[in-house]
Amino acid sequence: MSEYIIECRGVKKWYGEFQALKGIDFAVKKGEVIVILGPSGSGKSTFIRTINRLEEHQAGDIFVNGVELNNDVRNIAEIRKEIGMVFQQFNLFPHLTVMDNITLAPIWVRKWDKPTAERKAMELLERVKIPEQAYKYPGQLSGGQQQRVAIARALAMEPEIMLFDEPTSALDPEMIKEVLDVMIDLAKTGMTIIAVTHEMGFAKTVADRIVFFDYGLIVEENTPDKFFTDPKHDRTKLFLSQILH
Amino acid sequence: MTTATDVTTTYEAPPRTEVGVLGWLKHNLFGSWFDTILTFVSLGLLYVILVPSVRWAVTKANWRAITTNILILIHGPYPQTQDYRVFIAIGIIVAMGIASVFIYRGKSTRSRQVMTLIWAISPFFIWYLLAGFEGSTILPLVEYSKWGGLLLSFILAIFGILASFPIGVLLALGRQSNMPIIKWMSTLYIEVVRGVPFITVLFMAQVMLPLILPPDVRVAGMFRAMVATALFSAAYLAENVRGGLQAIPKGQYEAADALGLSTFQQMYFIVLPQALRTVIPPIVGQFIGLFKDTSLVAIVGLLDFLKVSQSILSQAGFLGAQKEVYLFAALVYFVFSFAMSSASIRLEKQLGVGQR
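Chains F and R supply the protein sequences, listed in that same order.
Residue numbers for the first sequence follow this note's numbering, beginning at 1 and rising by one.
Residue numbers for the second sequence follow this note's numbering, beginning at 246 and rising by one.
Do not take every clue at face value.
25 Å max Cα-Cα, derived BS3-like pairs, lysine-lysine [said to hold, decoys possible]:
| # | chain 1 | residue 1 | chain 2 | residue 2 |
| --- | --- | --- | --- | --- |
| 1 | F | K12 | R | K352 |
| 2 | F | K188 | F | K204 |
| 3 | F | K29 | F | K232 |
| 4 | F | K136 | F | K29 |
| 5 | F | K136 | F | K177 |
| 6 | F | K177 | F | K114 |
| 7 | F | K136 | R | K568 |
| 8 | R | K495 | F | K81 |
| 9 | F | K136 | R | K537 |
| 10 | R | K552 | F | K136 |
| 11 | F | K204 | F | K226 |
| 12 | R | K352 | R | K428 |
| 13 | F | K226 | F | K129 |
| 14 | R | K352 | F | K114 |
| 15 | F | K204 | F | K30 |
| 16 | F | K29 | F | K114 |
| 17 | R | K537 | R | K391 |
| 18 | R | K537 | R | K495 |
Chain R residues, not near chain F, derived (Cβ > 10 Å throughout) [as the list claims (entries may be wrong)]:
| # | residue |
| --- | --- |
| 19 | L295 |
| 20 | N314 |
| 21 | L504 |
| 22 | L506 |
| 23 | P527 |
| 24 | S540 |
| 25 | Q567 |
| 26 | L592 |
Here are the simulated distance ranges between beta carbons [as the list claims (entries may be wrong)]:
| # | chain 1 | residue 1 | chain 2 | residue 2 | range |
| --- | --- | --- | --- | --- | --- |
| 27 | R | L267 | F | P115 | 39 to 45 Å |
| 28 | F | L244 | R | Y349 | 25 to 31 Å |
| 29 | F | N71 | R | D461 | 24 to 30 Å |
| 30 | F | M122 | R | L283 | 40 to 46 Å |
| 31 | F | D185 | R | S356 | 43 to 49 Å |
| 32 | F | A59 | R | P460 | 58 to 64 Å |
| 33 | R | P442 | F | P115 | 21 to 27 Å |
| 34 | R | S356 | F | D172 | 43 to 49 Å |
| 35 | F | K12 | R | F468 | 56 to 62 Å |
I should point out that these hints are in silico values taken from the structure, not numbers from a laboratory.
Beta carbons are placed, not taken as given, at the ideal position from N, Cα and C, and that holds for glycine.
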């Protein structure tokens, strides 16, 4: 058993002729908080989606918790149980109440009984500060509330790792903070987090490491301090000059 | 003087011409000079059509053509000595319908489950009530060739709907499957069946089925028509359901995958409930079509409601009663089609609660 909870070696991915990932070597220790930055089209979303097999990598190896991610559906199921994911567009199930959204997977995948799953769901809703919305439908909530439900839904499976794919990009500005606060709390509990985000505040406060992607490669990797104050690579400098006005 | 608080808490009444009967008339019938002309033209047309029709229906029409044949219309050549069984069956269905209205609106989950169970087993019970048993004196066997009239039309329609629904859903899922063989077979089935008229399918069921089955098995014409109806309807239903499946955003599949749901769980809990809800209107439209299309089975010798209605016209007393008979048949088809349509709108509203 290695010291890393996620290990990627030479991960490559093509869409037809276009190569989105050109050989990613990357490893995460348990409890680390990683922020992935990069211009759009740099492959950062594609990369985190390969970690739970929403995208299939075509070369290289990925290990999660020592389990190899390959075509074996049992391995994929095993890995997905341990990885929670939060999407840019929330992707809540609109025909189910908030409660049913959260308890569906614990009941049917983790095989918990219903009262246990509902108790856990209420706990999580308290944690994301919207217990009063439990029996509403997603369509009745604001964007920020929906995203917090999505976080609660992912956490309900008690995953070891959380992936965030631009979780605040589809939100109105006044709702970004409520979601970031939840994410920051989560980071402080020792959860292993990989987040693709443009929220520099989040990156500076809680990230252990920042990974910069461009053209399907990891260009630079450093602690937030050094990354923002002393970027090594020209492309990193250009990117930072564009986002930090 | 009015202060700001008064302005926010008090409201003036709207003008009298904007609300109530006057408001309705103004908005719906006399909104502009063009609307006014349309209103009067429509009223004139209604007068020209309705008045003579009603006058004929009340004074001239010979409704005895219908009333004396009402039993034949309901169950065709089903033996009159046994026809109380048909009425018991109707009574059971009506009773279940009334009970459902109360039970499904009620709070008790237990009684709802019981009611659903009753619905699930009732078709078998009713079937044996109508068909009877070999050698029984209480419920003697009634041959399937004696089933006719509205009874036959209903059996064809209900079986067609119940059986084509699961087949259609499976075909739709098959057509968008990743497995090539399943995909091709589903597509082939759907396209072949949709490319052939229903009457052809009915004939094929009469001719082809005996080829597939062992020679000593004789299948009643009614069963062949039932199978043909279901298989034909399934192909159309599959395409409707596929439309619903395409309306489901990719994110829904991804969220289900990320949570670790299996493919079956993903379909059952996430995709199908949303897909089927969006296609309720076209599916109900198709079921209404199916109900009316059951009148085509007359062509393979079955005595459905329309065929039985026509047979009245050859009775000595009612030789010229086309108007009465066809009007009545149309009315019956309309009443049931309209009931299905209203039920579907109610269902849509119920399922639409809290939707995006």
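Need the status of pair K136 of chain F, K568 of chain R: alpha-carbon distance at most 25 Å? violated, 55 Å
Within 43 to 49 Å: is that where the Cβ-Cβ distance between S356 of chain R and D172 of chain F falls? holds, 46 Å
Holds or violated: K552 of chain R and K136 of chain F, Cα atoms, limit 25 Å. Distance ~53 Å between K552 of chain R and K136 of chain F Cα, so the pair is violated.
Taking the beta carbons of M122 of chain F and L283 of chain R, is their distance inside 40 to 46 Å? Distance hint for M122 of chain F, L283 of chain R is violated at roughly 58 Å.
Status of the stated non-contact between P527 of chain R and chain F (beta carbon gap over 10 Å): Check passes; 19 Å lies beyond 10 Å.
With the threshold set at 25 Å, check whether the alpha-carbon distance from K177 of chain F to K114 of chain F stays at or below it. violated, 32 Å
Does the alpha-carbon distance linking K226 of chain F and K129 of chain F stay inside the 25 Å limit? violated, 34 Å
Hinted pair, alpha-carbon criterion (25 Å max): K204 of chain F, K30 of chain F. Please report holds or violated. holds, 20 Å
Pair hint outcome, K352 of chain R versus K428 of chain R [Cα-Cα no greater than 25 Å]: violated, 43 Å
Using the beta carbons of L244 of chain F and Y349 of chain R, state whether their distance is inside 25 to 31 Å or not. For Y349 of chain R against L244 of chain F, whose Cβ atoms are near 60 Å apart, the range 25 to 31 Å is violated.
Distance rule for S540 of chain R, whose beta carbon must clear each one in chain F by more than 10 Å: holds, 37 Å
Hey, is N314 of chain R genuinely clear of chain F, shortest beta carbon separation above 10 Å? Fine: 48 Å to the nearest Cβ keeps N314 of chain R off the interface.
Figure legend: structure checked against the earlier numbered hints; hints not met, in rising order: 1, 4, 6, 7, 9, 10, 12, 13, 16, 18, 21, 22, 27, 28, 29, 30 and 33.
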